[in-house]
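There are 4 protein chains.
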Amino acid sequence: MPGNTFGQALRVTTAGESHGPGELVIVDGCPPGLTLTPEDFRRDMARRRPGQSALTTPRHEDDVPELISGIFEGRTTGAPIGIYIRNQDARSKDYEALRDVYRPGHADLAYDQKYGVRDHRGGGRASARETVTRVAAGVIAKKLLLEAAGTQVLGYVVGVGTLRFEHPDPSAVTLAEVEANAVRCPDPTMAMAMTELIEEARRAGDSLGSVVELVAHPVPVGLGEPVFDKLKADLGKALFSLPAVVGVEYGAGFRLAQSRGSAANDPLTVKDGQVRPGSNRHGGILGGISTGLPIVLRAGLKPTSSIPLVQETVTKEGELTTLRVGGRHDPCLGPRFVPMAEAMIALTLADHLLRHRAQNGAWR
Amino acid sequence: MPGNTFGQALRVTTAGESHGPGELVIVDGCPPGLTLTPEDFRRDMARRRPGQSALTTPRHEDDVPELISGIFEGRTTGAPIGIYIRNQDARSKDYEALRDVYRPGHADLAYDQKYGVRDHRGGGRASARETVTRVAAGVIAKKLLLEAAGTQVLGYVVGVGTLRFEHPDPSAVTLAEVEANAVRCPDPTMAMAMTELIEEARRAGDSLGSVVELVAHPVPVGLGEPVFDKLKADLGKALFSLPAVVGVEYGAGFRLAQSRGSAANDPLTVKDGQVRPGSNRHGGILGGISTGLPIVLRAGLKPTSSIPLVQETVTKEGELTTLRVGGRHDPCLGPRFVPMAEAMIALTLADHLLRHRAQNGAWR
Amino acid sequence: MPGNTFGQALRVTTAGESHGPGELVIVDGCPPGLTLTPEDFRRDMARRRPGQSALTTPRHEDDVPELISGIFEGRTTGAPIGIYIRNQDARSKDYEALRDVYRPGHADLAYDQKYGVRDHRGGGRASARETVTRVAAGVIAKKLLLEAAGTQVLGYVVGVGTLRFEHPDPSAVTLAEVEANAVRCPDPTMAMAMTELIEEARRAGDSLGSVVELVAHPVPVGLGEPVFDKLKADLGKALFSLPAVVGVEYGAGFRLAQSRGSAANDPLTVKDGQVRPGSNRHGGILGGISTGLPIVLRAGLKPTSSIPLVQETVTKEGELTTLRVGGRHDPCLGPRFVPMAEAMIALTLADHLLRHRAQNGAWR
Amino acid sequence: MPGNTFGQALRVTTAGESHGPGELVIVDGCPPGLTLTPEDFRRDMARRRPGQSALTTPRHEDDVPELISGIFEGRTTGAPIGIYIRNQDARSKDYEALRDVYRPGHADLAYDQKYGVRDHRGGGRASARETVTRVAAGVIAKKLLLEAAGTQVLGYVVGVGTLRFEHPDPSAVTLAEVEANAVRCPDPTMAMAMTELIEEARRAGDSLGSVVELVAHPVPVGLGEPVFDKLKADLGKALFSLPAVVGVEYGAGFRLAQSRGSAANDPLTVKDGQVRPGSNRHGGILGGISTGLPIVLRAGLKPTSSIPLVQETVTKEGELTTLRVGGRHDPCLGPRFVPMAEAMIALTLADHLLRHRAQNGAWR
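Same order as they appear, the protein sequences are chains G, Y, A and U. Going by the numbering used here, the first sequence opens with residue 1, and the numbers climb by one from there. Going by the numbering used here, the second sequence opens with residue 1, and the numbers climb by one from there. Going by the numbering used here, the third sequence opens with residue 1, and the numbers climb by one from there. Going by the numbering used here, the fourth sequence opens with residue 1, and the numbers climb by one from there.
These are computed hints drawn from the structure, not numbers from a lab. There's no promise every hint is true.
To be verified - Derived PhoX-like pairs (lysine-lysine); straight-line CA-CA distance at most 20 Å:
no. : chain 1 : residue 1 : chain 2 : residue 2
1   : Y       : K316      : G       : K271
2   : A       : K316      : U       : K271
3   : G       : K316      : Y       : K271
4   : A       : K271      : U       : K316
With the hints as extra help, turn the sequences into a complete structure.
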């Protein structure tokens, strides 16, 4: 009923506020025998970390996860994996001015109205700080997917403001290409244009929307639970549960909504002795079940709500006022959204891998 | 773990295949004392029914729900409400040709690969026939929302093929406007253009994609459970769980992904003594919690996969073949998708209303 | 949140009142490929049926389950299995006198106070009639257990009133021994004594408590999910969810609470090359996980609450009155409780079999 | 699917092993506005603590819970409450001898067989150390129950070995009476006898079984969710989920299984203008729903499995051996079980309070 648990067979529960002592995550249901060390977390924690480039907030977080439980002599035991990530460099004073005023585009007002109380420091539970636990849990899911099915999950920026990039073969994009630039667009020329656009917005005290594409490949055939827990439904929920996501589409997405059936269906064919769709407008999912082709989704992100420009708003007492949001914020959310979204995709796929195994797997 | 249950506090479980004896739905958790009679189901069952207009399949279904339990002397008792909807006019022979061949764009192949067995008759469990149970359950959710919070949920077609319609105030659209034409677009002129486009596609043996907009209003402030069960996440899942949905966006949606923060944030203001956003680019949800403004979402639907045109495909034995899909199918899914989507939105909101009440308060 | 669903990986949802049109059950998560026909249900439905002997109520129920979904050409498909069992011979008039009076020992008052409304006919949802759906679902679970692990579940009466019977080797009891007499005690001499005691109570217008023992064997090692969903916890819940159960113990049970550790521990040994406890005071479960020895539990049942003897009670208006409960009721619940309890044990074990497989099974 | 989460509306998730860095617990769904400070935890943490008396193990644990999240300015915010309790004084070396040998009566063998790997240090996840998180979560549940409904939960020892104590009015027992002696029996004379019996067993290198009674009072009418989540079912599961519990009974329990209906039913009467059962053989629950009378349950505990006496067992390699279990262990589990069981009862009642509110009403 409360909403801080994700998944069913691989179950992630999180807690923590932006300016409290730290963030907690418990990952329950991970199969035993998976190697897992603090080193495994380093790369994705660094990719999510604020202050990693000129395009992101300079807030400094070390984000070294302490593995509290569920691991014995370097391997998972089947017991729940508890992780504690301490908060550092939390400047609560930056937010004292926000105790009595609501930031437009933020959850401030909604939290106050829902709960009657709100931790105003840095957005409290509504801060994107909570995503550090998702990325940590996602590391475990990624390892599980890789070991169990060879599956890799990768995200990259395909839109910043009105700039759009389309890769002819999403499953061919490499992590090296994505990490080659701060904006995380695998095309170097487009990356440069996006970077300039973001810098321009930052100088104007403004922010920009963006689009991130996610690819998982190879994905075992058969993941997804009809009729309500279709794979596209749970992946859609996974992305929409992240801050700032205003739209999700898979495969050819909203373009399909404009097309004809004769041009939208992917004809079936035989490849390497296996029946498969011969093209991938369907994004790797049909009938809510993975088809074996690369899963491709996109998330649309609104521009960062916290901007230095003056905005109209209201105080807790209901008086009109204006606000310049201080603090340290990314002018475009896309680049740091990439590892968060990869984590949610990986958690969803790993959960469905185990769920599928419960009903359809081999007897041990 | 299996996927045929939706919701947590208001929990819907369904069963049934297209060509079996009927469809079952159990709605658990409905508050007691709600008036509920077979008559309440008539309108939405009729709106979902195939064969209701020239734009939809002529398959005839009466869809009279039998209320098996949970109601005593015309009111809900708090016990689970069981409903049985018999299948009629199921022409299984139409589908005998599909026993050994996979239809492109359908779940046929995925089901066979996931389960190793498949009820090929009319798509079996993957048929849109299962949505009749969603619409029936949605009737109960709509009644609950209306009685508890005055909330109404309405959908309408805003896109067919490349035609697009935008209503300046979604919360002002009326059911009468929507039901005034077969295509369920509240604008009569646009409705006529859409109808012509659909008729043209049908004559060509083809089908068309579409976009449906959903509005809920008024919605109580505070619905949605951070951080994973944000209202936008659960509504997104609700829509993606329906057949053919390839994209979901809320508020200004993917347009926000192209804009600047200064143009995307909704400034807060005071209206009728209450602090509220003064505009609704955010679609009625911030931080995953309802703000009190109308909730506005859109679902993009791919074109009907079943088309009379010849398509390339593969048999169960892995031989290439071609296929003309017979049977009776809508050339555009949008119009009949409207009541299905309304039902899923209503079920999600009602579920969150009860979930919110568990932790935060009361309306009884 | 509502309570009409049982299990996680094998999920059973039920609906139906004693005097409504029928009972519904949806079994979700059953692996595909299991053979299942109406014939499979005959034996256990007959064992649960009222009126099967002089010891049980003469109410006549045919209880032929209609298989609505999830089965294709005689095998499960992985889709939810929907079952409809019509109510017959429901004499609602028998209960008209109970509209305004509360029966002692029954749920009448509690339902009225919880929901503010109550279907008084035959106890409505609180009637033991609902257990017909459990027995039907249990048939599926039993088939699954047998096919997957050779596991059989058997119950029998070991106590009626002050009479007690103890079998030296519970796993050696056979179905034939149990079904050889109406009281379902595998010892013929004890069965005769129990029968006489029950007949004597019936003649006195009274009823008797009883104890039923349940055995599952062989059970795969490793079932049970620490720390909250221990196998003993979920089996305990399964039995306590049945009407009239006032106590549950496993293995040597409450006797262990009186003993010393040196006499209570089961020393480990090696048998057929496998490490196993050498005795079974622990009832087949240690640390909440099955050890491979027979699982042995006992449920204590209170006497039937509905008795012809005059009882003091209160009307809906709060006036003291006396009541003789008419209708048709078993004077001792034990014999008919046997198949209900077997069903709940089977459902719990099958659920845990699938849950265990999700985390610990082989990759397919 | 995995088993480290308890409850639905008030959801507790735990992690941690006996000899790891610490124990984590996340309590999700707690209503906002509840005052909560570290001081609130002191009493029950001390009551659970080992080494508190001559009757318990001398292992020293400070057990100061660090409140990581969900609290702002001394009150709960509605966000998940994360708690970290560090392990101290963990002498892993004590357990090195147990790496390759299985202790009889313990989960050692079952864990190895289930997961293929085991943290042997102090029982790892199977250690009673994990109950420290239950007690911490229970403190929150107790506060919630007290504030919302005035409900108090109290446990006490009523049996040690063959000694039995019966209180004429369980709801009259006070915390002061219980805490007046180390064995936690509210009768001073019986407490002395129990103490002597335990001391005698300890000197003999042995251990003793025990029985603990739990009382909750006053309990709101209407808690419990038919038909599977009956209050007695969920309370039964709560107790059975604790280590060493081999039996649970409520009200007059197994005695009812020996009695006649005329002597077992509690006649209804009117008291203070309310219809209530006039006696409480039913233990405060009828039809799975609370009746407003005190809820009374008992748990039977087996003797401590870890005893200094020589026991026969088997090594990991399957060789017969003998074992004297070192380490520090209580000779009788009852006294320290009291706060653990109170916590589980409180968590279950609080969960059902919120669940009931979702469907049926409100107290805010």
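Consistency of the hints with the structure:
For a cut-off of 20 Å, the pair hint linking Y/K316 to G/K271 stands: about 14 Å separates their Cα positions. Distance check on the hinted pair: A/K316 and U/K271 sit about 14 Å apart at the alpha-carbon level, within 20 Å; holds. Restraint check for G/K316 and Y/K271: satisfied, since their Cα atoms lie roughly 14 Å apart, inside the 20 Å limit. For the hint linking A/K271 to U/K316, the alpha-carbon distance of about 14 Å falls within 20 Å, and the restraint holds.
Violated hints for the displayed structure: none, as all numbered hints are satisfied.
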